[in-house]
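Position chains B and C against the provided structure of chain A, taking the given hints into account.
Protein chains in written order, with our numbering: chain A, 1 to 286; chain B, 287 to 520; chain C, 521 to 854.
Just so you know, the hints here were simulated from the structure itself, not pulled from any lab data. C-beta: ideal position from N, C-alpha, C; glycine also. Among the hints, a few may not be true.
Residues from chain A that face chain B, not an exhaustive set, calculated with beta carbons under 8 angstroms [to be verified]: (1) R167; (2) D174; (3) A179; (4) L180; (5) N184.
What follows is a set of in silico ranges between Cβ atoms, one per label pair, in the way DEER data are often shown [to be verified]: (6) P453(B) <-> S845(C): 50 to 60 angstroms; (7) I238(A) <-> E503(B): 52 to 62 angstroms; (8) F156(A) <-> R414(B): 46 to 56 angstroms; (9) I129(A) <-> L611(C): 46 to 56 angstroms; (10) G133(A) <-> L611(C): 51 to 61 angstroms; (11) K338(B) <-> G165(A): 27 to 37 angstroms; (12) M838(C) <-> L88(A): 27 to 37 angstroms; (13) R402(B) <-> R832(C): 49 to 59 angstroms; (14) L88(A) <-> F799(C): 30 to 40 angstroms; (15) V52(A) <-> G721(C): 56 to 66 angstroms; (16) R726(C) <-> R514(B): 29 to 39 angstroms; (17) P669(C) <-> V82(A): 31 to 41 angstroms.
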Amino acid sequence: MDTFLQVLTQGAVLGGVYALIALALAIVYSVTHQLNFAHGDLMAVAMYLALVGSHALGLDPYVSIALIAPIMFFAGFLLFRVVFASMLHAPHLVVIQVTLALSFVIQSTLLLAFSANFQTVHSVLSGEILNLGPVSLSAAPVLAFTVSIVLGVLAFVVIRYTDFGRRVLAVAEDSEAAALSGINVALVQALVFATAVGVLGVAGPLVAPILVLQPTAGLHLTLISFIVFILGGANNYIGTLVAGLIIGLSEALSSLYMRPAEFAAAVPYLIFTIFLLVRPKGVLER
Amino acid sequence: MLEIRGIQAGYAGVSIIRDVSLDVHERQVVSLLGANGAGKSTLLKVVSGLLKADAGVVTFCGEDITNLRPDLIAERGLIQVPQGRRLFTRLSVIDNLLLGNSPRRARPQRNALLERVLTMFPILAERRSQLTGTLSGGQQQMVAIGRALMGAPRLLVLDEPSIGLSPSITQEVLDQLTTLNRSGLTVLLVEQNVAQALSVSNRGYILENGAIALDGEADALRRDERIRKAYLGV
Amino acid sequence: MQKNVFQYLAVLAVFLAGLAVSGSLSRSAIDIAIVALWFAYLCQTWNIVGGLAGQFSFAHPVYVACGGYTSTILLQHLQVSPWIGMFAGALLAMVLAAILCWINFRQQLPMLTYALITLALTIIGVITLHTSSFLGGHEGLFIPKANSPLTFRFLDRAAYFYIILAAVCLMLLLTIALRASRIGARLVAIRDNQDAARMLGVDVLRATMAGSTISAGLGALGGTFYAQYLSVVDPSIAHVELAVQIVLMTAVGGIGTVWGPLFGPLALVPMERILSREFVQLAGLGQLFYGVLIIVVLLVLRDGVVTWAAKRIRQRRMAALIAESRSRENGATG
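So that you can see chain A by itself, here it is in the shape it has in the complex (with noise of 0.2 angstroms):
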C-alpha cells in the first residue's frame, strides 16, 4: 500500500509539472496559433543551465532559478522577434519544420557543450524526505509540483484580471479587432511567447533535481506537453490540469506494475492514441 500511495503521488508531481509546460504552450498557441516543436527543448535549455550554475558557480538549483527565469524570458522575447514573428502568417507546416530544426540545433548545441553523458543536479532537498502519515514523499518533486501549482494559477489571475491578461485574451480571439482597438498586438505576443519560456525557466530547474538530464531530454517533454494539450482541449485550465494529472500518474503507475518496465514509457503515447479514437475533441470538450 505504502509504494502505492507513493507512486501515486510521485505521479500526480510529475502530472502537475506537465500540466504547467502543457499550459505555457498553450498560452502561446493562443495568441500566435503556432505549434513549438522545440518547447521541450526550451526547458532542457534552462535545466542545463541550472546545471551549470550548480556546477560553475555553485548555486543550488533553486536559487538559480533567480537568474535562469530572467535570462529565459530575454531568450524568449529574442527568439520570438528573430524567429517566430517571421512566420506569423506562414502556413502551419512552415512552422513545425522551422521549429523542429530549432529543436535539431538546441539538442545539438547541448551535445556540443555538455556531452551525450547522462547528468545529474543536486539540490539541498536532495534526499530530504517529507513523512505525511502513512505516505513518506521526496521533498524535491513536492516542491516541484507547489511551485507548478502557484504559477498555474498565477497565471490564471493574470488572465483573468489584469489589463495584460484581457489583452492577451483579446489578441487570442482577434487579433486584427485588437489591432483596431490600440493594441499592440505583435509586442502581445512576444510578451506571451517570452512569459512562457520564462516559465520553463523556472520549470527547468525545478525539475533539474528531479530527472536525468541529456541533451535529447527535450523532445520527451515536448510531446508530453502536445498530448496534455491536446486532451485537455486547447485552451482549457482545467481540461490541461486533468490532462496533465492522467498523464503524470499513467507514466507514474506503469512503471510500477507494467513488465517490461521500459515499456511504461509508452504508456502517454498509448493513452493519446486511444483517447483520439474515443474523444477526438479532447477530456472536458463537451
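Only chains B and C this time, still in chain A's reference frame:
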C-alpha cells in the same frame, strides 16, 4: 482632418481600389457609399493600417500615417468600428469596453470615458458582466461603438454599422452618431444603405468599382438623378 | 506534357551521371553516397503524403523498421530471401499506415493531430523494439555477410549503390507520374485546403489512405535495403530523429516537389558526414551547423531550394515575355 490622396491597394498584386482621394473635415459626418465589393472595406483597411497601400498617402491631422501599424493609428485618435462588430465574444461587456481603452493617450481618462459610454448606452451598464457573444445585434453594435469611444477618438470610422440590424435599430445607431457629432466628434461612415447614411451626413462619396464615381454635399447627392436611380430605387 | 518529357530526360541524366561517377568514388565516398541516396529515397517516399498532401507524418521510421525487421526475421527463421521478405514488411507497414489514417481522418481531426499521432506511433515502436527479445532488443538482429545476390547480399558495396540509385530514379519517375495523376491532384487539393477539397467532393479519407499506404510500403522497402546494406537491423533505425531528418531534408530541398527530396539529402548528408569526420572530438557540430543552415534556408526561401529556384525561373521567363511584348508594341507604334 483626414486626407486620402491617390490610394491604390489590393491583394496579391490585384488592385481593388485605384487612385482614391477623400477628405474628412473636422466636426463633419462624411459617408463613403457604394455597393458590395466596390472597395469600401479595402479602403478602410488601408486607412486603419491593416492593409499596405501600393500607392498614395493618408494624412491624419497633418501627419502622414500611410502604412503605419494599426495600434499606432488608433493611438493618434483614428479609431475604427470594424465591419461585423468583431467583439471579443468570450469576454464581458465591461472587458470589451476596457479593451477599447488601450491607446496610451486615452488611458488617463478611462473612468470619465467609461461613464460617458455607459450614460450613452444605459443598457450596457445593466449588462456589464454579460458575455458579449450572448447580446442581441443592436446591443453588440452599442458595445462596438462604446469600445471605440473608450479610445477617445478624434475621428470615428464605422464600417457598415447597419449590417445585421433592423432599419429601426439602424436609425437609433445613426441618431447616436448625430448626437456624438454634435458634441464635437468627427465621423466617417461607410455604408451600403445610401438613404439612411446620407440623412445624417454633411458630405458623401460614392465608390464604384474601386474608384470615386461621385462626391458632394449630402443634400446635393440625395437630389442627384443618377444616385436616385442607382441607389435609392426611385 | 512537354515539361514531363523534359523531366523524364532529367531522370535519365541523373541515372547516367550516377553510373558515371560510381567507378571513381573512393570506399568512404561510396558509403556517403549510399547513405545520401538512401535518405533521398526515404524523403521521396515520405514526400507522397507529407509533400503532396501536406500531411506531416512522423511514422516513417516505423515503416522503415517494419521493412528491415520483417525481411530479416523471415530470412533468419524461414530462410525467405529478403527480395521476397521485403514485400511482407511493406504489407505490414501499409496496414499500420491505414490504421493511422483511419484514426485521424475519420473524425476530420486538425492537421497537427496527424503529426502527433504518427509521432506517438514512432515512440511506441522504438520502445517495443528495445524491449522485445524476439526482435533482438537493444542489439537488434544480425545478418551474416555473404556474396549471395539471391538473398540480397553483396560483398561489393557498389552493388548497393546501383540498387539505391535505381530506386531513387524510379521514385523520381513515380513522383512525376503521381503529380500528373488524378490521385496526385486530389492530394494537392487536400494540402491547399482540406475543407475546400472535401466540399469539392474529394474523399479525403480515401485519398490520404491511398497516398499514405503507398508511402509507407515504399518506405518499408527502404528499411530492408538498409538492413541488408549494414548487415544489421537495430532500434536506432526507428528513432524519431530519423523522421525529423526526413522532414527537414525534404524541407530544405522543397516539400511537394519532384526534385526537392533528392536535392536536400544529396546536399546535406555529405556535408554533415564530412563535418562530423573532420571534427570528431566535437560531437554535435555537424548537426548544429546543419540545423542552423536549415532554419536560415526556411526563413529566407520559405519553400525550399527547388521551389525557390522554380519561382525565380518562372519570374525571369515572365519578365522576358513582358519585355518581349513591350518591345513588339514599341516596334508596332514606332
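Hint-by-hint comparison with the structure:
no.: 1; hint: R167; in the structure: holds (7 angstroms)
no.: 2; hint: D174; in the structure: holds (6 angstroms)
no.: 3; hint: A179; in the structure: holds (4 angstroms)
no.: 4; hint: L180; in the structure: holds (5 angstroms)
no.: 5; hint: N184; in the structure: holds (5 angstroms)
no.: 6; hint: P453(B) <-> S845(C): 50 to 60 angstroms; in the structure: holds (53 angstroms)
no.: 7; hint: I238(A) <-> E503(B): 52 to 62 angstroms; in the structure: holds (60 angstroms)
no.: 8; hint: F156(A) <-> R414(B): 46 to 56 angstroms; in the structure: violated (22 angstroms)
no.: 9; hint: I129(A) <-> L611(C): 46 to 56 angstroms; in the structure: holds (54 angstroms)
no.: 10; hint: G133(A) <-> L611(C): 51 to 61 angstroms; in the structure: holds (56 angstroms)
no.: 11; hint: K338(B) <-> G165(A): 27 to 37 angstroms; in the structure: holds (31 angstroms)
no.: 12; hint: M838(C) <-> L88(A): 27 to 37 angstroms; in the structure: holds (29 angstroms)
no.: 13; hint: R402(B) <-> R832(C): 49 to 59 angstroms; in the structure: holds (57 angstroms)
no.: 14; hint: L88(A) <-> F799(C): 30 to 40 angstroms; in the structure: holds (36 angstroms)
no.: 15; hint: V52(A) <-> G721(C): 56 to 66 angstroms; in the structure: holds (58 angstroms)
no.: 16; hint: R726(C) <-> R514(B): 29 to 39 angstroms; in the structure: violated (57 angstroms)
no.: 17; hint: P669(C) <-> V82(A): 31 to 41 angstroms; in the structure: violated (53 angstroms)
Hint compliance for this structure: hints 8, 16, 17 are broken, all remaining hints hold.
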